[in-house]
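Enquirer: Based on the provided sequences and hints, a complete structural model is requested.
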Amino acid sequence: MKCFTLFVLASLLAPAALAQHQTFVVNPDASEVKITLQTTHEVVTGAFHIQSGSIEFDRGTPKMAGSVVVFAGSGKTGNESRDKKMNKDILKVEQYATVSFEPKSYTGTIALSGDSTIQVTGVFTLLGTPHEIAIPILVHLEGTTATAKAHFVVPYVKWGLKNPSFLIWKADDDVAIDIFLAGRLSK
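Here the sequence shown is numbered in our numbering, starting from 6 and rising by one per residue.
Just to be clear, a hint being listed does not mean it is correct.
[Unchecked claim] Below 27 Å or equal to it, Euclidean Cα-Cα: the simulated DSS-like pairs (lysine-lysine) are:
hint	residue 1	residue 2
1	109	39
2	81	167
3	90	163
4	175	97
The set of hints was computed from the structure by calculation and includes no laboratory data.
Expert: Shown next, in the form of structure tokens:
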């Protein structure tokens, strides 16, 4: 009888033990955001610097909290005049210094270690305006280290940003975003 009681208690408490609250603290120096914009004459690529990031999650609930913040004016595409135009006319960095993503929930399962693919829904704030978006993310956990990789498309013109097209040089209205986050897990 005593063994049966212990088994029942262990069975009831096991999900609670797996439902561990953790925080993923992003290392900005080991992380990056890359963009790819198709144009009529070239493919424009660039990178932005992550300012900070911290994401709280619990394997037992689909909720997430926190944010990843990017310096809007840190974008580099390899063309100084294009970068100045992007900062001044498109991203309006003097008025909106950051771009951010705040995760709210996820679907899928986060494994205790190794790779997991989840779908994260949250708020992507661009030019001070929040936009709900769902992003597929590949998460890799290894002890106290973690990485997250995501690829998604932002309809920046639909979201109120100016298209940089001029004369015969035409740019798409959507930009592809690739994010790589590296950091540490804490309880």
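Enquirer: Does each hint hold? Answer for all of them.
Expert: Verification of the hints:
Only pairs whose Cα atoms come within 27 Å are accepted, and residue 109 paired with residue 39 is accepted, the gap being roughly 23 Å. Our distance criterion of 27 Å between C-alpha atoms is met by residue 81 and residue 167, whose separation comes to about 18 Å. Using a Cα cut-off of 27 Å, the hinted pair residue 90 and residue 163 holds, with the two alpha carbons roughly 19 Å apart. Taking the CA atoms of residue 175 and residue 97, the gap is near 20 Å; set against the 27 Å cutoff, the hint holds.
No hint from the list above goes unmet by this structure.
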